[in-house]
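Participant: Given next are the chains, with one letter for each unit.
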Amino acid sequence: MKTKLCMLLLFVTAFVQAQIFEPVTWETAVKKISDTEYELSATAKIESGWHLYSQSVPEGGPVATSFSFEGNSNYLKKGNTTEEAGHTINDPIFEMKIKYFADKTTFKQRVKIRNTDAFQIKGTVTFMVCDDSRCLPPSSVDLVFNIN
Amino acid sequence: MKLIIMRNYFLVLILLCALVSCKQKAENKWDYTISGVVPIGKGFDKAVMSYPLDDKGGPYAADTTAIVDGTFKFEGNIGRPQLAELNLINATINTQEDASMEADDMGLKNVALFYLDGNITITFDDEGMASYDGGGDEQSAWLQWQEMSEKMNESLNRPISLEDIQALVGKFVEKNPDRYVSVDLMDLVTQGGIQYNLVQPMYNALSKRMRNSPKVIAWKPALDKAKKYESGEMEAPNFKMNDPEGNLVSLESYRGKYVLLDFWASWCAPCRAENPNVLAAYEKYKDANLTILAVSIDSDKDAWLKAVKEDNLPWKHVSDLKGSANEAAKAYGVGAIPDNFLINPEGKIVARGLRGQLLHDKLEELLK
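Here the protein sequences line up with chains A and B, keeping their order. Per UniProt numbering, the first sequence starts with residue 1, numbered consecutively. Per UniProt numbering, the second sequence starts with residue 1, numbered consecutively.
Because the hints were derived from the structure by calculation, they are not lab data. Be aware that a few hints might be false.
[What the hints assert, rightly or not] Examples of chain A residues lying across from chain B (beta carbon under 8 Å, computed):
# : residue
1 : Gly-79
2 : Lys-112
3 : Phe-119
4 : Asp-132
5 : Leu-136
6 : Ser-139
7 : Leu-143
Here a beta-carbon is modelled for each residue, glycine too, at the ideal position from N, C-alpha and C.
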């Protein structure tokens, strides 16, 4: 029996995944770029069918994803938090172009360190998600990056 | 003579033991043998099979085996038949994702979906599409589901909606009350909240064995809670919240009327999409003792008011502008939106989560 049903697979993966109502999980990583520069990355794993939104969404649309990093004397942020290309659609409800991420996406932030000892950078991501039939209100998750 | 009796007795004991162990085996262990046939010359060298180990939603097992001369085999046993996903891997050019995504954005190429249930042979054709032979009752039921959903897909002249799937799952469960496939499919329609009217008939259809399976036992409390929302026994928690002009509005002040307590927000596209439906219901029943109190879980007042205006919603609107920490949403245990509660003139909750046609049907039933 052959199957061509995209929908079917979508639903299958929906129940192959966790039963808990938590469609996005976050993982952090740190990459050394040079002796003084590191790249922090936060990867969102998004359950099938759910959308996570870009950091920039036109006014009047969904709530944009946002990152904040707790300042400390050990480091300086270098530039803004970058994101992937994602998917951009003309949303018929909001009548605007909205960029979202599905499945998996990574946000990156470069930092300059001012200390050679190991330390932690704490951050928070605030985000909301929707699928075709519902939305979860914006929530915040703490992120920890270990610089060694 | 005595010896013979003894021996018989002993035999019976052995038989009994055998029966018991056999029964236990049937209850606790399902054997499976998955044999695969893969076209030679496509470079597939590994097959990876992932499946849930149990019903607790914990980590998934991922077994890997080599493909030798175009064949592979997985053997093992599991607590109960589970849906497995199998991917063919071409280690030289592709990662797992590339192999399934390549030239087929539906991701069904070089992927097999089946139940770990008995002896199954999976044959991949040159296009990477899988076909299945053998297997037990669960695998047969799974193939039946695939056929049903495919038929529906072909008969509809539009994309399949969630409601279509829900109806189809209902039909399937009714036909297959004693299958784990039914229980697993019911998972789809219970994720993120149980709609009582939808799930209760499916639950009623399930066999005793399935009702006593761990997954169903885990839903039961949520189903019972959903039932309470329909029973009219549950007092609607009172709250007071400001309207846009800063007047404190109390839910209790609506006693004597049916109130649709509607939770929404400006940034919630599915809520905005549902608004015209709510408006139609309001227009139809506003003179039949229905009113609507809409609680926005916005935190931005301007965005909230703009959406009210854009969607042309003539009923009372309130919000504490605390966003997801909205006090009324907390009192009603609202997770995802849109969500709503129908409250009767005595202040009891009589329905929850009425959307689309369900909203009209319920109002028709109560107000006409």
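Participant: Confirm or reject each hint.
Facilitator: Going down the list of hints, with the structure as the test:
At a threshold of 8 Å, the smallest CB-CB gap from Gly-79(A) to chain B is about 27 Å, leaving the interface hint violated. The beta carbon of Lys-112(A) is not positioned within 8 Å of any beta carbon in chain B (closest approach about 34 Å), and the interface hint is therefore violated. The beta carbon of Phe-119(A) is not positioned within 8 Å of any beta carbon in chain B (closest approach about 31 Å), and the interface hint is therefore violated. Against a cut-off of 8 Å between C-beta atoms, the interface hint on Asp-132(A) holds, since the closest Cβ of chain B lies about 7 Å away.
The interface hint given for Leu-136(A) is met, as the beta carbon of that residue sits about 5 Å from the closest beta carbon of chain B, less than 8 Å. Contact between Ser-139(A) and chain B, as hinted, is supported at the beta carbon level, the nearest pair being about 6 Å apart and thus within 8 Å. Interface hint at Leu-143(A): violated, since its Cβ lies 19 Å from the closest Cβ of chain B, which is beyond the 8 Å cut-off.
Comparing the model with each earlier hint shows violations of hints 1, 2, 3, 7; every other hint is respected.
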